[in-house]
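**Student:** Protein chains in written order, with this note's numbering: chain A, 1 to 242; chain B, 1 to 242; chain C, 1 to 242.
Bear in mind the hints are in silico, worked out from the structure with no lab data behind them. Quick caveat, the model's predicted, so the values are computed rather than measured. Among the clues, some could well be false.
[Stated by the list, open to error] Just so you have them, the derived chain A footprint on chain B, three or more residues with Cβ under 8 Å:
| hint | stretch |
| --- | --- |
| 1 | 17-25 |
| 2 | 62-76 |
| 3 | 112-120 |
[To be verified] Beta-carbon label-pair distances, calculated as ranges:
| hint | chain 1 | residue 1 | chain 2 | residue 2 | range |
| --- | --- | --- | --- | --- | --- |
| 4 | C | Y240 | B | R181 | 53 to 61 Å |
| 5 | B | R55 | A | E104 | 48 to 56 Å |
| 6 | A | G238 | B | G230 | 38 to 46 Å |
Where is the CB? At the ideal position from N, CA and C, for every residue including glycine.
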Amino acid sequence: MIVLFTDFGVGGPYVGQVHAVLAQQAPAVPVVDLFHEVPRYDIRAAAYLLPAYTRGFPPGTVFVCVVDPGVGGERRAVLVQADHRWYVGPDNGLFHVLARRARELRCHEIRWRPALLSASFHGRDLFAPVAAQLVHGLMPDCAPATLTPPLPDWPEDLPQVLYIDHFGNAITGLRAERLGRGIRLRVGGAGLAYARTYSEVRAGQGFWYENANGLVEIAVNQARASDQLGISVGDSIGMYDA
Amino acid sequence: MIVLFTDFGVGGPYVGQVHAVLAQQAPAVPVVDLFHEVPRYDIRAAAYLLPAYTRGFPPGTVFVCVVDPGVGGERRAVLVQADHRWYVGPDNGLFHVLARRARELRCHEIRWRPALLSASFHGRDLFAPVAAQLVHGLMPDCAPATLTPPLPDWPEDLPQVLYIDHFGNAITGLRAERLGRGIRLRVGGAGLAYARTYSEVRAGQGFWYENANGLVEIAVNQARASDQLGISVGDSIGMYDA
Amino acid sequence: MIVLFTDFGVGGPYVGQVHAVLAQQAPAVPVVDLFHEVPRYDIRAAAYLLPAYTRGFPPGTVFVCVVDPGVGGERRAVLVQADHRWYVGPDNGLFHVLARRARELRCHEIRWRPALLSASFHGRDLFAPVAAQLVHGLMPDCAPATLTPPLPDWPEDLPQVLYIDHFGNAITGLRAERLGRGIRLRVGGAGLAYARTYSEVRAGQGFWYENANGLVEIAVNQARASDQLGISVGDSIGMYDA
Numbered sequence: 001m002i003v004l005f006t007d008f009g010v011g012g013p014y015v016g017q018v019h020a021v022l023a024q025q026a027p028a029v030p031v032v033d034l035f036h037e038v039p040r041y042d043i044r045a046a047a048y049l050l051p052a053y054t055r056g057f058p059p060g061t062v063f064v065c066v067v068d069p070g071v072g073g074e075r076r077a078v079l080v081q082a083d084h085r086w087y088v089g090p091d092n093g094l095f096h097v098l099a100r101r102a103r104e105l106r107c108h109e110i111r112w113r114p115a116l117l118s119a120s121f122h123g124r125d126l127f128a129p130v131a132a133q134l135v136h137g138l139m140p141d142c143a144p145a146t147l148t149p150p151l152p153d154w155p156e157d158l159p160q161v162l163y164i165d166h167f168g169n170a171i172t173g174l175r176a177e178r179l180g181r182g183i184r185l186r187v188g189g190a191g192l193a194y195a196r197t198y199s200e201v202r203a204g205q206g207f208w209y210e211n212a213n214g215l216v217e218i219a220v221n222q223a224r225a226s227d228q229l230g231i232s233v234g235d236s237i238g239m240y241d242a
Numbered sequence: 001m002i003v004l005f006t007d008f009g010v011g012g013p014y015v016g017q018v019h020a021v022l023a024q025q026a027p028a029v030p031v032v033d034l035f036h037e038v039p040r041y042d043i044r045a046a047a048y049l050l051p052a053y054t055r056g057f058p059p060g061t062v063f064v065c066v067v068d069p070g071v072g073g074e075r076r077a078v079l080v081q082a083d084h085r086w087y088v089g090p091d092n093g094l095f096h097v098l099a100r101r102a103r104e105l106r107c108h109e110i111r112w113r114p115a116l117l118s119a120s121f122h123g124r125d126l127f128a129p130v131a132a133q134l135v136h137g138l139m140p141d142c143a144p145a146t147l148t149p150p151l152p153d154w155p156e157d158l159p160q161v162l163y164i165d166h167f168g169n170a171i172t173g174l175r176a177e178r179l180g181r182g183i184r185l186r187v188g189g190a191g192l193a194y195a196r197t198y199s200e201v202r203a204g205q206g207f208w209y210e211n212a213n214g215l216v217e218i219a220v221n222q223a224r225a226s227d228q229l230g231i232s233v234g235d236s237i238g239m240y241d242a
Numbered sequence: 001m002i003v004l005f006t007d008f009g010v011g012g013p014y015v016g017q018v019h020a021v022l023a024q025q026a027p028a029v030p031v032v033d034l035f036h037e038v039p040r041y042d043i044r045a046a047a048y049l050l051p052a053y054t055r056g057f058p059p060g061t062v063f064v065c066v067v068d069p070g071v072g073g074e075r076r077a078v079l080v081q082a083d084h085r086w087y088v089g090p091d092n093g094l095f096h097v098l099a100r101r102a103r104e105l106r107c108h109e110i111r112w113r114p115a116l117l118s119a120s121f122h123g124r125d126l127f128a129p130v131a132a133q134l135v136h137g138l139m140p141d142c143a144p145a146t147l148t149p150p151l152p153d154w155p156e157d158l159p160q161v162l163y164i165d166h167f168g169n170a171i172t173g174l175r176a177e178r179l180g181r182g183i184r185l186r187v188g189g190a191g192l193a194y195a196r197t198y199s200e201v202r203a204g205q206g207f208w209y210e211n212a213n214g215l216v217e218i219a220v221n222q223a224r225a226s227d228q229l230g231i232s233v234g235d236s237i238g239m240y241d242a
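Please work from the sequences and hints to get the whole structure.
**Tutor:** Here is the structure:
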């Protein structure tokens, strides 16, 4: 299985061109559009979302990961083997959190290049063909490498809103398993207690819960949390004992 | 064929995770993304759209239907057999209109549960695996059931705007076959006569017609009806003889 | 391979219904969603985007192309063979630029009709079934035809913004291979020089470059060009020697 994780958006011409390459070079292999609205250009947000949304996939899955504002410049292309899954994409910090949390890890710089490589669309021209080789058991020309560390200090977990979903829920960079259920969160002006799910709070009440991918998510029963609590992508989250 | 009918939106991580489950549990079965912008949480709107947009599919089609604000709470999971097609989803009224119009109907409560069931994403964890079993001819563990009736009185047809499409057209809950062609509609301040299609009215003129799924749809030739007539989802529609 | 190029938008019920037809009539054939946000109803914009975004596909590819404000009226349905690829859609100008640039060209009026043809959704009812026949090597009932010429004079290249992508980049109707690298563009109030890619200009600077599909595209390094330069779809582009 090949899985796409990008900031390409949907509707426009980018996702389809990647699919077209894969339909030719990896026919009959399922291709899953996992996430195409990772916040644009936001490598850090993507880096904390990546391990949460790619966990649980079977061994051998190949992820094509593209949040790549430096495309066409100096940044390297890498292939990351983490816990029996493959990740292909730019070496710009995108794989940093994933690598930190992996039990087994091997990194490679991708040396292989296609006959035609555009300056601005390596997802189509480089990463998708590499993914097609990998699902067929072929290893593209690579060299051992270590990932370039990201410039700023990135914490273990990121107490920030990374994504507002279609329902107005705010997905954060915090792993719920690391937070006691008595912890309260502060975001915008609101203080939020834990609840297991929507029906445990009254209509209109905000709360935090462990979402289906293990992250802390902020929601309001029967309303849009982003609107009602005035939450935006990038907002910091405070934590305190209740 | 497995067909998805949800309020998940596109671009975010929900549709892809359902596809990933199906790629593993029902490989080589086509999966169609029929509708992912059913108005969020609006069970009634979804219930009237469902029979219109799922008609015409071949016998044996399995529909995964998720508009599920009560996920994680008390509501049951159901499997509805209607006219030789299968519908899997929450027992919250979503299947009420479909069931009322079916010629043959059998309802089951789904007892089967996966090893891991999140509190907030039964589309991925419960309904998709049940669909995979059904397309393989396997019946999950079920008990006979009747659908829980919806609380309010739901009319035969719903004289309301249920969805504004990408072109600004307003899709309603009225079946066109039940309206005489001489009927005029009133929505917002506008009175609208019937026309067969766009080219039968002059540019800028509003009209109603039978859309390609049998519902009354309100449009303006060469303009966005929602903008020009000031129509929003939820608006009531009046009907009167011309 | 069948490739979809439409103004249907995503999330709503139109793309999925086309896929459902193809899953039944062309099972196991890959279907690629290339572009579903071609500007609504804008036949001219679509006509200049079409050859750029469909180049590079293998011989035998069948494109279903639907930007069709005149659906249900007098316009003919056509099948265009251009350079060993097939294009199916309305005869309303959509194929005009493609045909003008083709080395080999044959046009046919589609006479075949399905048993059930809605007035408003020929993409599902007519064009998709024709595509399914073509990928199976079957020729639907057709008559030789010439394309109806578009009414206004359409230039060789269109110096206009045709599409703003998910990143705020402005895609134009100009082929980059026809512009000297010393040419400057004027759009909105801004004058823009050529650069090969983002990393060649400083953060916040606008430039034009050859995008991965051969068109002139206007971008700003690390910002949204559409916002920062105040560019909208339809804006004219001036060209002058630097």
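**Student:** Are the hints correct? Go through all of them and say.
**Tutor:** To see whether the hints hold, each was checked on the structure:
Under the rule that three or more residues need a Cβ within less than 8 Å of chain A, the assignment of the stretch 17-25 of chain B holds, with 5 such residues. Only when three residues or more bring their CB closer than 8 Å to a CB of chain A does the claim for the stretch 62-76 of chain B stand; here the count is 6, and the claim holds. For the stretch 112-120 of chain B, the assignment as covered by chain A holds, since 3 residues bring a beta-carbon within under 8 Å of that chain's beta-carbons and 3 suffice. Between Y240 of chain C and R181 of chain B the C-beta distance comes to about 58 Å, which sits within the given range of 53 to 61 Å.
Hint check: R55 of chain B to E104 of chain A, Cβ distance near 50 Å, so the stated range 48 to 56 Å holds. Taking 38 to 46 Å as the suggested C-beta distance range, the pair G238 of chain A and G230 of chain B conforms, at roughly 43 Å.
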